[in-house]
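Trainee: Chain by chain, the residues run as shown.
There are 2 protein chains.
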Amino acid sequence: MQDVTEILGKYSDNINSEMKTSLSNISPDELKEASIYLTKAGGKMLRPSLTILTCESVGGNISNASKSAAAIELIHTFSLIHDDIMDDDDIRRGKPSVHKVWGDSVAILAGDTLFSKAFELVISAKDDVVSGDSIHEALATVADACVKICEGQACDMSFEGDFNVKEEEYLDMIFKKTAALIAAATKTGAIVGGATPEQISALYEYGRLIGLAFQIQDDYLDLVSDEESLGKPVGSDIVEGKMTLIIVNALEKASPKDNQKLVEILKSDNCSQNDIDKAMEIIEKYNSLQYITNLAQEYVKKAKELLEILEDSEAKKALILIADYVLKRQN
Amino acid sequence: MQDVTEILGKYSDNINSEMKTSLSNISPDELKEASIYLTKAGGKMLRPSLTILTCESVGGNISNASKSAAAIELIHTFSLIHDDIMDDDDIRRGKPSVHKVWGDSVAILAGDTLFSKAFELVISAKDDVVSGDSIHEALATVADACVKICEGQACDMSFEGDFNVKEEEYLDMIFKKTAALIAAATKTGAIVGGATPEQISALYEYGRLIGLAFQIQDDYLDLVSDEESLGKPVGSDIVEGKMTLIIVNALEKASPKDNQKLVEILKSDNCSQNDIDKAMEIIEKYNSLQYITNLAQEYVKKAKELLEILEDSEAKKALILIADYVLKRQN
Chain A
2 MQDVTEILGK
12 YSDNINSEMK
22 TSLSNISPDE
32 LKEASIYLTK
42 AGGKMLRPSL
52 TILTCESVGG
62 NISNASKSAA
72 AIELIHTFSL
82 IHDDIMDDDD
92 IRRGKPSVHK
102 VWGDSVAILA
112 GDTLFSKAFE
122 LVISAKDDVV
132 SGDSIHEALA
142 TVADACVKIC
152 EGQACDMSFE
162 GDFNVKEEEY
172 LDMIFKKTAA
182 LIAAATKTGA
192 IVGGATPEQI
202 SALYEYGRLI
212 GLAFQIQDDY
222 LDLVSDEESL
232 GKPVGSDIVE
242 GKMTLIIVNA
252 LEKASPKDNQ
262 KLVEILKSDN
272 CSQNDIDKAM
282 EIIEKYNSLQ
292 YITNLAQEYV
302 KKAKELLEIL
312 EDSEAKKALI
322 LIADYVLKRQ
332 N
Chain B
2 MQDVTEILGK
12 YSDNINSEMK
22 TSLSNISPDE
32 LKEASIYLTK
42 AGGKMLRPSL
52 TILTCESVGG
62 NISNASKSAA
72 AIELIHTFSL
82 IHDDIMDDDD
92 IRRGKPSVHK
102 VWGDSVAILA
112 GDTLFSKAFE
122 LVISAKDDVV
132 SGDSIHEALA
142 TVADACVKIC
152 EGQACDMSFE
162 GDFNVKEEEY
172 LDMIFKKTAA
182 LIAAATKTGA
192 IVGGATPEQI
202 SALYEYGRLI
212 GLAFQIQDDY
222 LDLVSDEESL
232 GKPVGSDIVE
242 GKMTLIIVNA
252 LEKASPKDNQ
262 KLVEILKSDN
272 CSQNDIDKAM
282 EIIEKYNSLQ
292 YITNLAQEYV
302 KKAKELLEIL
312 EDSEAKKALI
322 LIADYVLKRQ
332 N
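Sequences listed follow chains A and B, in order. In terms of the numbering used here, the first sequence is numbered consecutively and its last residue is 332. In terms of the numbering used here, the second sequence is numbered consecutively and its last residue is 332.
Extracted from the complex, chain A is given alone in its bound form (with noise of 0.2 angstroms):
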């Protein structure tokens, strides 16, 4: 993992230091603090850097990337401000969320401001290097992200309590909250450095495939990393109830007692160890770790013939580690 760290770790600077510039003017200082916060906590950078690879990869070099690159990144940030507001999160990247720090009305507005900022950004980055068009291009894949966004997290949000998701619905949901915006950042990337339409379709394509995979590994670690890689109980998804991609899949899979017996605990309000273990039980009979495991690489293994459209470079192998990664990380 060492070398996906530092390829995430190359562009940092470059990235933090357009997202200082575009939020040093916000006025009061209790909003720019709040919109501020999360910027310097520490980020993995995984979009804006894969803007950037995606960006040299087809030519381009990172002052056509840099602003648009930072401008995802503070989309990513402004929908975890609020997502952290609508679940009541606590902790953020190690640190109390921004709602527990200023409170729920400077969090909303701290994230409606990076929103403003984010567009701000790549409307700035119209110059002698990137042509109007491209940020035309740029905008409305942005923006139709955002929307996308919006509609993932109203959709997780309905997912609770129902236990009759099906897959399909659930995949869709994932593209929409998490794939969405990595799409968005592999084909602003492409856009900006200059890509063919068919260049820009297969790296929008490669973005969904490893967003996808990104989250269905999250769900997979929930249940077999362990404590302190992830930061937070195993198995907490089964105690929350939440609808993963492995509990929709035991759920569909499960003959009728089972799938009582999981539904049971997965409405329990005060799930036991023994619960989650019998969770985990009913799960490996119906092998539902391994179907998902199996379909994450696959989109793997899609999204890594995709970049077959590039040349050879350094940022092409960057995006070949980058989906390897996907699998590959424990946290």
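Heads up, some of the hints might be wrong.
Straight-line distance between alpha carbons at most 20 angstroms, and here's what the computed SDA-like set of lysine to any residue pairs gives [what the hints assert, rightly or not]:
| no. | chain 1 | residue 1 | chain 2 | residue 2 |
| --- | --- | --- | --- | --- |
| 1 | B | Lys167 | B | Gly242 |
| 2 | A | Lys101 | B | Asp88 |
| 3 | B | Lys33 | A | Asp173 |
| 4 | B | Lys167 | A | Glu31 |
| 5 | B | Lys33 | A | Asp145 |
| 6 | B | Lys21 | B | Lys41 |
| 7 | A | Lys101 | B | Met87 |
| 8 | A | Lys243 | B | Pro29 |
| 9 | B | Lys101 | A | Asp88 |
| 10 | B | Lys33 | A | Val225 |
| 11 | B | Lys243 | B | Val166 |
| 12 | A | Lys33 | B | Glu170 |
| 13 | B | Lys243 | A | Pro29 |
| 14 | B | Lys302 | B | Asp313 |
| 15 | B | Lys268 | B | Gly242 |
| 16 | B | Lys101 | A | Ser159 |
| 17 | A | Lys33 | B | Asp145 |
| 18 | A | Lys167 | B | Pro29 |
| 19 | B | Lys101 | B | Gly232 |
| 20 | B | Lys167 | A | Asp30 |
| 21 | A | Lys101 | B | Asp89 |
| 22 | B | Lys11 | B | Ser314 |
| 23 | B | Lys101 | A | Ser106 |
| 24 | B | Lys33 | A | Met87 |
| 25 | A | Lys258 | A | Cys272 |
| 26 | A | Lys305 | A | Asp4 |
| 27 | A | Lys101 | B | Met158 |
| 28 | A | Lys33 | B | Asp157 |
| 29 | B | Lys21 | B | Val5 |
| 30 | A | Lys45 | A | Ser106 |
To be clear, the hints were calculated from the coordinates, so they are not data collected in a lab.
Please build the complex by placing chain B on the supplied structure of chain A, with the hints as guidance.
Mentor: Relative to chain A, chain B alone:
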């Protein structure tokens, strides 16, 4: 006022139709309904009508402006939904507010969705009649207004309980919170209508000035209107201890004793009619109502003078009427 109601009503079918198309394919249904709800609640349509009128006033036509106009109304609606959550306001446009019907989480998402859709709408306006450069400038104008709306709301919240707010700070707050979007509405119309740079500047300033007058008139009506026209009790700003330009002015000019008395009333949790009358006495003693009325009239006068840059037209006449209406309206 019949005239202005007719002017604003003239374009509402067009604007509603653009909004409807833009919001028609949101999913899931709950998010769609929450997003559409306020757009169907009979808003005044002041902002989007200004976009179309300014477009027409520089020689453009309604087809150049209708998408941008609808986008401006979506931004306005987004900000109302989020503001109502922050201020915990129960009623909006005579109906229960979005968060009262669907809860805070869906209301946050509905606002975010309208925000995203607004940018999509402006982006989609690039076609045979509106150039890419104009759309780029319109997008920059809208994004700038969005940042300012967030800053203005944050400032407004930070003024709560601060009885040392200066006039300049207050005017900057209402510029950002209210006038910036009205100015963006008039500037955007000018841009998509093909205005000269001088016309664009003049129409932005026209929007800014009538926006300031609009907000000052809101403060004025709270004290001098009747409950029936206003839809809320007269003097509610005093009861809530809200900083308005009237209060800012009275506190600045009052003797230490009157200042202290007024602050006491504003701070009081149980404000009686007697307290409101006493506050009004202090306000009248220092001519604060007259002061803010003069200021608003001066803004409207300047706004109308700026329109001299335009050729005579029906649209120009309408813009003059709207400037006057801002001060004549009773609610």
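Trainee: Are the hints correct? Go through all of them and say.
Mentor: Comparing the hints with the structure gives:
As the CA atoms of Lys167 of chain B and Gly242 of chain B are separated by approximately 16 angstroms, the hinted pair is consistent with the 20 angstroms bound. Annotation: proposed proximity of Lys101 of chain A to Asp88 of chain B holds, straight-line Cα distance about 18 angstroms (limit 20 angstroms). Using a Cα cut-off of 20 angstroms, the hinted pair Lys33 of chain B and Asp173 of chain A holds, with the two alpha carbons roughly 17 angstroms apart. Taking the CA atoms of Lys167 of chain B and Glu31 of chain A, the gap is about 19 angstroms. The hint holds against a cut of 20 angstroms.
For a cut-off of 20 angstroms, the pair hint linking Lys33 of chain B to Asp145 of chain A stands: about 16 angstroms separates their Cα positions. Note on Lys21 of chain B and Lys41 of chain B: the hinted pairing holds, with a Cα-Cα distance of about 9 angstroms set against a maximum of 20 angstroms. Note on Lys101 of chain A and Met87 of chain B: the hinted pairing holds, with a Cα-Cα distance of about 15 angstroms set against a maximum of 20 angstroms. With a C-alpha separation of about 19 angstroms, the suggested pairing of Lys243 of chain A with Pro29 of chain B holds against the 20 angstroms cut-off.
For the proposed pair Lys101 of chain B and Asp88 of chain A, the alpha carbon gap of about 18 angstroms is at most 20 angstroms, so the pair holds. As the CA atoms of Lys33 of chain B and Val225 of chain A are separated by approximately 37 angstroms, the hinted pair breaks the 20 angstroms bound. Between the alpha carbons of Lys243 of chain B and Val166 of chain B the distance comes to roughly 11 angstroms, so the proposed pair stays at or under 20 angstroms and holds. Annotation: proposed proximity of Lys33 of chain A to Glu170 of chain B holds, straight-line Cα distance about 17 angstroms (limit 20 angstroms).
Distance check on the hinted pair: Lys243 of chain B and Pro29 of chain A sit about 18 angstroms apart at the alpha-carbon level, within 20 angstroms; holds. With a C-alpha separation of about 18 angstroms, the suggested pair Lys302 of chain B and Asp313 of chain B falls inside the 20 angstroms cut-off, and the hint holds. For the hint pairing Lys268 of chain B with Gly242 of chain B, the CA-to-CA distance comes to about 6 angstroms; that is within 20 angstroms, so the pair holds. For a cut-off of 20 angstroms, the pair hint linking Lys101 of chain B to Ser159 of chain A stands: about 18 angstroms separates their Cα positions.
Distance hint between Lys33 of chain A and Asp145 of chain B is fulfilled; the C-alpha atoms sit about 16 angstroms from each other, no more than 20 angstroms. Simply put, Lys167 of chain A and Pro29 of chain B have alpha-carbon atoms about 15 angstroms apart, close enough for the 20 angstroms limit, and the pair holds. Of the supplied pair hints, the one linking Lys101 of chain B and Gly232 of chain B holds, its CA atoms being roughly 19 angstroms apart against a limit of 20 angstroms. For the given pair, Lys167 of chain B sits about 17 angstroms from Asp30 of chain A by alpha-carbon distance, which is consistent with the 20 angstroms threshold.
With a C-alpha separation of about 18 angstroms, the suggested pair Lys101 of chain A and Asp89 of chain B falls inside the 20 angstroms cut-off, and the hint holds. Between the alpha carbons of Lys11 of chain B and Ser314 of chain B the distance comes to roughly 16 angstroms, so the proposed pair stays at or under 20 angstroms and holds. For the suggested pair Lys101 of chain B and Ser106 of chain A, the alpha carbons sit about 16 angstroms apart, so the restraint of at most 20 angstroms is met. Distance check on the hinted pair: Lys33 of chain B and Met87 of chain A sit about 18 angstroms apart at the alpha-carbon level, within 20 angstroms; holds.
The hinted pair formed by Lys258 of chain A and Cys272 of chain A meets the criterion: a straight-line CA distance of about 19 angstroms does not exceed 20 angstroms. Restraint check for Lys305 of chain A and Asp4 of chain A: the C-alpha separation of about 17 angstroms stays at or below 20 angstroms, so the hint holds. Distance check on the hinted pair: Lys101 of chain A and Met158 of chain B sit about 17 angstroms apart at the alpha-carbon level, within 20 angstroms; holds. A distance of roughly 15 angstroms separates the Cα atoms of Lys33 of chain A and Asp157 of chain B; the hinted pair therefore holds under the 20 angstroms criterion.
For the suggested pair Lys21 of chain B and Val5 of chain B, the alpha carbons sit about 24 angstroms apart, so the restraint of at most 20 angstroms is broken. Note on Lys45 of chain A and Ser106 of chain A: the hinted pairing is violated, with a Cα-Cα distance of about 27 angstroms set against a maximum of 20 angstroms.
Taken one by one, the earlier hints fail for this structure at numbers 10, 29, 30, listed in ascending order.
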